[in-house]
Amino acid sequence: MYVGTLSFDLLLGDVRSLKEKRSVVRPIVAELQRKFAVSVAEVDHMNLHRRAAIGVAMVSGDTGHLSDVLDRCERMVAGRPEVELLSVRRRLHGDDD
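The numbering of the sequence shown is this note's numbering, which starts it at 870 and goes up by one.
In short, the hints are calculated from the structure, not lab data.
Possibly wrong hints are sitting among the right ones.
Claimed, not checked - Simulated restraints, written as ranges between beta carbons of each label pair:
{"#": "1", "residue 1": "T874", "residue 2": "E953", "range": "29 to 39 Å"}
{"#": "2", "residue 1": "A906", "residue 2": "R958", "range": "19 to 29 Å"}
{"#": "3", "residue 1": "S886", "residue 2": "R960", "range": "26 to 36 Å"}
Positions of the beta carbon are idealized from the N, C-alpha and C atoms, including for glycine.
All chains, please: the whole structure from these sequences, using the hints.
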């Protein structure tokens with residue numbers, strides 16, 4: 870069994886309130902869940918209007934499949950025009966960890 874995680878640090882565009890922030894972050898979280906069947910949540914910067922941190926986690930029996938899905942998640946978030954991807958942190962954990 871392998872567990873893969875991604876942590877995205879995002880800078881949001883022209884966002885002036887937490888309500889506007891939710892209208893940007895929620896569709897990204899929903900699309901990741903729907904397209905890739907991964908667990909996703911906003912995990913940090915909850916009270917900052919223009920910053921967001923999104924965490925993604927997935928469990929798989931195959932590291933190749935796990936890496937492929939995480940790569941596609943990263944490309945999807947990086948391709949969103951309403952956010953700037955500041956950093957991505959990836960971790961893979963196996964049974965030996």
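Whether the CB-CB distance between T874 and E953 falls inside 29 to 39 Å = 21 Å, violated
Does the Cβ pair A906, R958 satisfy 19 to 29 Å?
-> For R958 against A906, whose Cβ atoms are near 21 Å apart, the range 19 to 29 Å holds.
Taking 26 to 36 Å as the hint, is the beta-carbon distance of S886 and R960 inside that range?
-> 33 Å, holds
Violation of the numbered hints given earlier is confined to hint 1; every other hint is satisfied by the structure.
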